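Peer 1: Given chain G's structure and the hints, the job is docking chains W and B onto it.
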Amino acid sequence: MERPRHQGMAKNTSMRWRLPLVCLLWELAMVVLFGVFVRFSPEADAHWEEEKREMNLTSDIENDFYFRYPSFQDVHVMIFVGFGFLMTFLKRYGFGAVGFNFLLAAFGIQWALLMQGWFHSFKNGKILIGVENLINADFCVGSVCIAFGAILGKTSPIQLLVLTLFQVTLFSVNEYILLNLLHVKDAGGSMTIHTFGAYFGLTVTRILYRPNLEQSKDKQGSVYHSDLFAMIGTLYLWMYWPSFNSAISDHGDAQHRAAINTYCSLAACVLTTMAFSSVLQKKGKLDMVHIQNATLAGGVAVGTSAEMMLTPYGSLIVGFISGIVSTVGYVYLTPFLESRLHIQDTCGIHNLHAMPGLIGGIVGAITAAAATEDVYGKEGFIKAFDFTGVYQTRTPSVQGGFQAAGIMVSLLMAFVGGALVGAILKLPVWGDAAAENCFEDDVYWEV
Amino acid sequence: MERPRHQGMAKNTSMRWRLPLVCLLWELAMVVLFGVFVRFSPEADAHWEEEKREMNLTSDIENDFYFRYPSFQDVHVMIFVGFGFLMTFLKRYGFGAVGFNFLLAAFGIQWALLMQGWFHSFKNGKILIGVENLINADFCVGSVCIAFGAILGKTSPIQLLVLTLFQVTLFSVNEYILLNLLHVKDAGGSMTIHTFGAYFGLTVTRILYRPNLEQSKDKQGSVYHSDLFAMIGTLYLWMYWPSFNSAISDHGDAQHRAAINTYCSLAACVLTTMAFSSVLQKKGKLDMVHIQNATLAGGVAVGTSAEMMLTPYGSLIVGFISGIVSTVGYVYLTPFLESRLHIQDTCGIHNLHAMPGLIGGIVGAITAAAATEDVYGKEGFIKAFDFTGVYQTRTPSVQGGFQAAGIMVSLLMAFVGGALVGAILKLPVWGDAAAENCFEDDVYWEV
Amino acid sequence: MERPRHQGMAKNTSMRWRLPLVCLLWELAMVVLFGVFVRFSPEADAHWEEEKREMNLTSDIENDFYFRYPSFQDVHVMIFVGFGFLMTFLKRYGFGAVGFNFLLAAFGIQWALLMQGWFHSFKNGKILIGVENLINADFCVGSVCIAFGAILGKTSPIQLLVLTLFQVTLFSVNEYILLNLLHVKDAGGSMTIHTFGAYFGLTVTRILYRPNLEQSKDKQGSVYHSDLFAMIGTLYLWMYWPSFNSAISDHGDAQHRAAINTYCSLAACVLTTMAFSSVLQKKGKLDMVHIQNATLAGGVAVGTSAEMMLTPYGSLIVGFISGIVSTVGYVYLTPFLESRLHIQDTCGIHNLHAMPGLIGGIVGAITAAAATEDVYGKEGFIKAFDFTGVYQTRTPSVQGGFQAAGIMVSLLMAFVGGALVGAILKLPVWGDAAAENCFEDDVYWEV
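Protein chains in written order, with the numbering used here: chain G, 1 to 447; chain W, 1 to 447; chain B, 1 to 447.
Derived from the structure by calculation, the hints contain no laboratory data. Among the hints, erroneous ones may be present.
You can't tell identical chains apart in this list, so a pair holds if it fits in one copy or across any two.
[Claimed, not checked] Once the Cα atoms are required to be at most 20 Å apart in a straight line, the calculated EDC-like pairs of lysine to aspartate or glutamate come out as:
{"no.": "1", "residue 1": "Lys52", "residue 2": "Asp64"}
{"no.": "2", "residue 1": "Lys126", "residue 2": "Glu51"}
{"no.": "3", "residue 1": "Lys426", "residue 2": "Glu436"}
{"no.": "4", "residue 1": "Lys282", "residue 2": "Asp374"}
{"no.": "5", "residue 1": "Lys91", "residue 2": "Glu446"}
Since this is a predicted model, take the numbers as computed values, not measurements.
Looking at chain G on its own, in the form it has when it is part of the complex (with noise of 0.2 Å):
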């Protein structure tokens, strides 16, 4: 499909080469860090039948593989259609949108397989990976889905690639600060996912700020189809979220109680976003951006306390504040945070992660530090907080202390790597397109 030009467009968008060459030689990279460091973990190796014996498991269910399998699956769902579909909203970047999640979440799986993997899964010079490596890996690309909404129709794959590298490397350094060093609790990620992604993304796209963006404002809407496009993403994220935050909970009642919070919070998100988005606007009709994105703040916002002992009628509540916070955020923040902070965010990835992220770590630390081994039983207190070794006298208050330190870590890695890297981004040889073609598929695929 040719169409008219402006003149304005010198830049050189062409990948013919410089993808190519990214995608193969790291790819490459990847075949030989793997081969050097990366085995199957005791419970994917055929040595199993011996490791069963030495774990006097009678069994082969229970192998870790039956415990997790079906939320991995679940997860990487979310990650690939959910995340994919939830941007194919913008009327003319469907390709984009999906095509250029798949491979930066492609990518990054492989990368963050290794990081992780040296933080949390090294032994004897070996990285040994299970399912609950893969989900892992599916959850640190999610943050960079995340930082993905914001600068969506905005930069090239090469780009989405170098920011990929990066935030999956910052993103291990940081969870191995939190989870190792502050021993933090966080299974669905409030902190290390959303928070830290999506303060991230936004420091990126405001260093990348395109001022002359109206140029390509008739293409930042959406179209019927392209809204129900969209609709796919939401819904699978939706209903697959109580999978999302329970997947890496421990085994049994935590993985049960993660699963049910979380399906609670999210129900009472979407009334409360629905009720927001018809007020808020003048003739009171619903607002698809809305129904497509605040209604998951639920799930963003019980990240955190999921597994704990928040109880059915506390995933209520912050599901409650939630969609409405983000709902709010739509209306009111956005506009304010483009006109007057320069910060462009495509997908409102604002309301639907970065303040969602920050309420999950805050009502993550007011959940712990409430903890008593009354509600959790003297075993199932130990159990939940991991209060053994060097952190056996660890009080619940402290651990409150530590869960908002949390909070402040991730904050601070989000800015200062989001700079760093939004400088990198801003150096003119990635090939991203001119203002007036931004939001347009035609530049990377043939239409």
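Peer 2: Relative to the frame of chain G, chains W and B by itself:
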């Protein structure tokens, strides 16, 4: 998108204050009621370690979560994507189909957790919820989604919320009568979900009869891509129906058997649907309406009997028949119901849920009445029909009689309840659109 | 929608009597054959309680249902949504893609349950079916969906049913030869499903060569939204492929390992596909055809070896190569096959299934030949290759030889079977459309 209005449109369809008020107040009520009543079941509570010892369980894998969570997620997809997208076939009502289904289901599952909880999971003043409650809440809401199909495009979102409130309540009462008082088996809900839900919805739409509906006839059709969106709904319902019918069956063989029977019935149903869709059309061409709907009748029609020893060939026969009945219904019965009985059934739920639901109830009664210790084994026989305690002496033929009574009770509840709720929805305060604006997203959505 | 007809259209494409007759008679045959032969396996039968005692199982969770049902559902989605939507890329053949795939798969799984049942689950005159049979039936039908891709848009629904009848039969014979006579491993079906299915389909389409197909060239392309629909198919195939390749592997480590290997291979494949899609196009733009298809080649190419100790980096290498081979195939080989060999391959299954299937067979043979007791452990080695009974003394290199023989047998069956079935389908009684009406839903569907 502004469009010319007929002068007839005097109705006030603005939702600006009504919808937000209902959403917020009802959600607040949920928070309070959950706060008073809802807690975690022992398998989701942090005291699980103690529970495990008491129940003599050696492994976390024995937690009900691992028996049912994968099925729960499939059912969840059926309710939100399955029903939601199935109804997107209308050319200008995709937002309403997916969006209002989302709204009513999100509210409905919360209210169902309470209603079903009071009847079935109430202990020491608290409702204790686990994964099975989540499935049952989704099931209950499924019956509302079915009723929604009859009135699709003709009601305001507030009407749908009011409908949900009452229908969930009546569903729970009916379910209690069937499962607890009549001691009837209905794992896949042929009676409780489909028969009740469909006849309830048909009664409501009869009461809400709109004599001038042909004014919006041009919008009652589909366009090419809306039919493809609807096929997403169809296929997810079709593929996951084995999970639906097996989700709350007894652990082990019953879940296994229910999935197999449903798989078989659905496969047969596709063949006879295609056959009759072609033969009933002058030029022999296939009709997407039939493919989208009648192919699912086989799942409905084994809802009661799938966990019984229906056998694979029995399932094929049931699927064979229900595909025919359903397709013939679309061709001959739907126009008849509309012109003679003034039942305007947008999605044809009479063909997809009502008649197959009745078939399902009858097949269940027959299968139960035909049960023998020879076929089930001594233990299996008792386990399959819960012939313990006060039901120790119940014979298969008596059970068959009670099953048949269950159909009658469901029908009665549907007609009486539907008439009542229909009368309430007829009040001129709910903001429904004029006849010429039915089946049009523009009324309630920013388009 | 009425459209002007070329005068060339003299062919009678009416399905009014032919299609219903075939559907009904064949479905009746299924009912009779299931009635005579098919019963529940012990794990799905109501006698399970007794079975449990005999097998010394203490918990219902040991029922095979819980090991395999989540994977089954994923595979089910791949067959019906994955293949169905992958083929919706054509601008005017979405109904045919999704609808005919639905029809042939629904018939095929029934016939496959019988055919595979006679070969593998036949005891005392009965076929005993459980969840593993359902997976295998889906697998078998997968090979028919692949063949459908080659003839998409050019055949009548009756031809597709005839194709299914014969292909399922031949598939089962080939599978029996490979798995039982040659004692070959092929859990993900690189040979039995992909190599056989693809070369079978290519042979059929060669026999059905249409010299005037350029008359419908304008309909062979995609439109913007049809490409997005196709991406739904792509992503579900891609995401669930780890379930596909692990679904029928041994319990425990084998399932676990197969999922990880497939995950890795698919990730690598996306990168090299993107690279070659860009570099092979003058302007360096990405081509949706490649993204939709070649990204999946990595799943095909580890089909045989995924459950072996291929290792994550071995998987990356396989994915790396197959992405390249497949993309290059789309650019150079498909046009060549069409112009020189008269093989009209609508979906390019030669690139997505045939070549990667061959790679998969070869990689499997090499991986098997390279197996050592050191890598697998003494027990793991025997278990992984079933070196028990008469195969107790088979060595890895001999196994590798048999694996290679499996490729040859599959190719032979495909060519001979495909020629035979192609000849049958060429008979002028099946109601296929004229060349100028190919790739057009209007022929068989009410549009």
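Peer 1: The structure should be examined with respect to each hint, and the outcome stated for every one.
Peer 2: Hints, verified against the model:
1. Proximity of lysine 52 and aspartate 64 under a CA criterion of 20 Å is satisfied in both settings, with 12 Å inside one chain copy and 19 Å between copies.
2. For a Cα distance limit of 20 Å, the shortest separation of lysine 126 from glutamate 51 inside one copy, 18 Å, qualifies, whereas the shortest one across copies, 38 Å, does not.
3. With identical chains, the CA atoms of lysine 426 and glutamate 436 are at most 20 Å apart within one copy only, with a shortest distance of 18 Å there and 52 Å across copies.
4. Neither within a single protomer nor between protomers do lysine 282 and aspartate 374 lie at most 20 Å apart by alpha-carbon distance, with minima of 50 Å and 69 Å respectively.
5. In the homo-oligomer, the alpha carbons of lysine 91 and glutamate 446 lie at most 20 Å apart both inside one protomer (16 Å) and across protomers (16 Å), since each shortest distance falls under that limit.
Hint compliance for this structure: hint 4 is the single one not met.
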